[in-house]
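**Q** Residues per chain are reported as follows:
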Amino acid sequence: KNEVEQSPQNLTAQEGEFITINCSYSVGISALHWLQQHPGGGIVSLFMLSSGKKKHGRLIATINIQEKHSSLHITASHPRDSAVYICAARPTYNTDKLIFGTGTRLQVFP
Amino acid sequence: DTAVSQTPKYLVTQMGNDKSIKCEQNLGHDTMYWYKQDSKKFLKIMFSYNNKELIINETVPNRFSPKSPDKAHLNLHINSLELGDSAVYFCASSQSPGLDLHFGNGTRLTVT
Numbered sequence: 001k002n003e004v005e006q007s008p009q010n011l012t013a014q015e016g017e018f019i020t021i022n023c024s025y026s027v028g029i030s031a032l033h034w035l036q037q038h039p040g041g042g043i044v045s046l047f048m049l050s051s052g053k054k055k056h057g058r059l060i061a062t063i064n065i066q067e068k069h070s071s072l073h074i075t076a077s078h079p080r081d082s083a084v085y086i087c088a089a090r091p092t093y094n095t096d097k098l099i100f101g102t103g104t105r106l107q108v109f110p
Numbered sequence: 001d002t003a004v005s006q007t008p009k010y011l012v013t014q015m016g017n018d019k020s021i022k023c024e025q026n027l028g029h030d031t032m033y034w035y036k037q038d039s040k041k042f043l044k045i046m047f048s049y050n051n052k053e054l055i056i057n058e059t060v061p062n063r064f065s066p067k068s069p070d071k072a073h074l075n076l077h078i079n080s081l082e083l084g085d086s087a088v089y090f091c092a093s094s095q096s097p098g099l100d101l102h103f104g105n106g107t108r109l110t111v112t
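Line order of the protein sequences matches chains A and B.
Mapping of the first sequence onto the working numbering: residues 1 to 110, in sequence order.
Mapping of the second sequence onto the working numbering: residues 1 to 112, in sequence order.
Calculated from the structure, these hints are not laboratory results.
Glycine included, every Cβ here is placed at the ideal spot set by N, Cα and C.
Be careful, since some hints might not be right.
[Claimed, not checked] Ranges of calculated distance between the beta carbons of each label pair, as one might list FRET restraints:
(1) B/44 with A/92: 14 to 22 Å
(2) B/63 with A/79: 38 to 46 Å
(3) A/17 with B/67: 46 to 54 Å
(4) A/17 with B/42: 26 to 34 Å
(5) A/39 with B/52: 30 to 38 Å
(6) A/50 with B/12: 36 to 44 Å
(7) B/40 with A/44: 16 to 24 Å
(8) B/65 with A/16: 44 to 52 Å
(9) A/60 with B/63: 36 to 44 Å
(10) B/13 with A/95: 34 to 42 Å
[As the list claims (entries may be wrong)] In silico lysine-lysine, BS3-like type, Cα no more than 25 Å apart, as pairs:
(11) A/97 with B/41
(12) B/41 with A/68
(13) B/44 with A/97
(14) A/97 with B/71
(15) B/19 with B/44
(16) B/52 with A/97
(17) B/36 with B/52
(18) A/68 with B/71
(19) B/71 with B/41
(20) A/97 with B/40
(21) B/40 with B/9
(22) B/67 with A/97
(23) A/54 with A/68
Using the sequences and the accompanying hints, generate a full structural model.
**A** Following this line, the structure appears as structure tokens:
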């Protein structure tokens with residue numbers, strides 16, 4: 001079993017819907033990253049967080065260290081949000097390393 | 001003025017060949033990485049260099065040899081290519097280990 005699990009694997013939504021993607025991990029971490037990979041293949045780092053909540057535009061990332069769980073929320077979703085969203089945990093046993101989830105493929109339809 | 005640039009973007013080659021992928025970053029970062037993304041889109045770290053020194057080498061076959069001539073460059077050389085090496089390879093950099101990552105656009109390697 002992967003140390004970092006994401007759900008759902010695939011997600012479709014209508015434009016304007018509120019989206020939630022979940023990430024659970026089984027190891028102690030120093031930080032958790034959320035990445036976005038567009039259909040063209042490029043990867044962009046959205047957030048790096050170790051506690052609480054971060055917001056950037058319509059994107060919100062939260063983390064609960066005790067529950068070993070993080071969520072990525074997208075408010076007022078738009079077709080341009082269609083991408084694969086990947087969470088990655090930085091384990092305390094090796095903070096140079098990232099352990100990646102398997103990704104959530106999001107499609108937002110107009 | 002691309003921050004992390006990789007070349008080539010696509011690489012098609014035959015089994016047994018030797019090939020290199022180049023990566024350069026102009027962000028002044030100390031740490032660079034190579035990641036492999038397989039056909040199921042799963043990303044995995046291969047190597048990490050900090051100030052030209054290897055800090056992560058994740059059970060990668062020794063046919064893969066990273067080379068960091070300076071802090072701004074981390075190249076990946078692959079000997080005796082195999083079908084299973086087909087994947088997308090991403091270079092990334094960060095200010096130091098553990099900080100936020102900046103990715104290149106990836107190199108799609110196809111071994112026939």
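**Q** Hints first: check each against the structure and report whether it holds.
**A** Verification of the supplied hints:
The beta-carbon spacing between residue 44 of chain B and residue 92 of chain A, approximately 19 Å, falls within the hinted interval of 14 to 22 Å. Residue 63 of chain B and residue 79 of chain A have their C-beta atoms about 42 Å apart, which keeps the hinted 38 to 46 Å range intact. At about 47 Å, the CB distance of residue 17 of chain A to residue 67 of chain B agrees with the hint of 46 to 54 Å. Take residue 17 of chain A and residue 42 of chain B: their Cβ atoms lie about 27 Å apart, and the range 26 to 34 Å holds.
Between residue 39 of chain A and residue 52 of chain B the CB atoms are about 35 Å apart, so this pair conforms to the stated range of 30 to 38 Å. Separation of residue 50 of chain A from residue 12 of chain B is about 41 Å and conforms to the stated range, judged on CB atoms against 36 to 44 Å. The supplied range of 16 to 24 Å is met by residue 40 of chain B and residue 44 of chain A, whose beta-carbon atoms lie about 20 Å from each other. About 50 Å separates the C-beta atoms of residue 65 of chain B and residue 16 of chain A, a value consistent with the hinted range of 44 to 52 Å.
The supplied range of 36 to 44 Å is met by residue 60 of chain A and residue 63 of chain B, whose beta-carbon atoms lie about 43 Å from each other. Take residue 13 of chain B and residue 95 of chain A: their Cβ atoms lie about 36 Å apart, and the range 34 to 42 Å holds. For the suggested pair residue 97 of chain A and residue 41 of chain B, the alpha carbons sit about 18 Å apart, so the restraint of at most 25 Å is met. Proposed proximity of residue 41 of chain B and residue 68 of chain A is supported: the alpha carbons are some 23 Å apart, at most 25 Å.
At most 25 Å may separate the alpha-carbon atoms for a hinted pair to count; residue 44 of chain B and residue 97 of chain A meet this at roughly 10 Å. A threshold of 25 Å between alpha carbons decides the hint, and for residue 97 of chain A with residue 71 of chain B the separation of about 19 Å falls inside it, so the pair holds. Distance hint between residue 19 of chain B and residue 44 of chain B is fulfilled; the C-alpha atoms sit about 20 Å from each other, no more than 25 Å. A threshold of 25 Å between alpha carbons decides the hint, and for residue 52 of chain B with residue 97 of chain A the separation of about 17 Å falls inside it, so the pair holds.
Using a Cα cut-off of 25 Å, the hinted pair residue 36 of chain B and residue 52 of chain B holds, with the two alpha carbons roughly 20 Å apart. Proposed proximity of residue 68 of chain A and residue 71 of chain B is contradicted: the alpha carbons are some 35 Å apart, above 25 Å. For the suggested pair residue 71 of chain B and residue 41 of chain B, the alpha carbons sit about 28 Å apart, so the restraint of at most 25 Å is broken. About 21 Å separates the Cα atoms of residue 97 of chain A and residue 40 of chain B, which keeps this hinted pair within 25 Å; it holds.
Restraint check: the Cα-Cα separation between residue 40 of chain B and residue 9 of chain B comes to about 19 Å, which is no more than 25 Å; the hinted pair holds. Taking the CA atoms of residue 67 of chain B and residue 97 of chain A, the gap is about 19 Å. The hint holds against a cut of 25 Å. Restraint check: the Cα-Cα separation between residue 54 of chain A and residue 68 of chain A comes to about 17 Å, which is no more than 25 Å; the hinted pair holds.
In the structure shown, a violation is registered for the earlier hints numbered 18 and 19, in ascending order.
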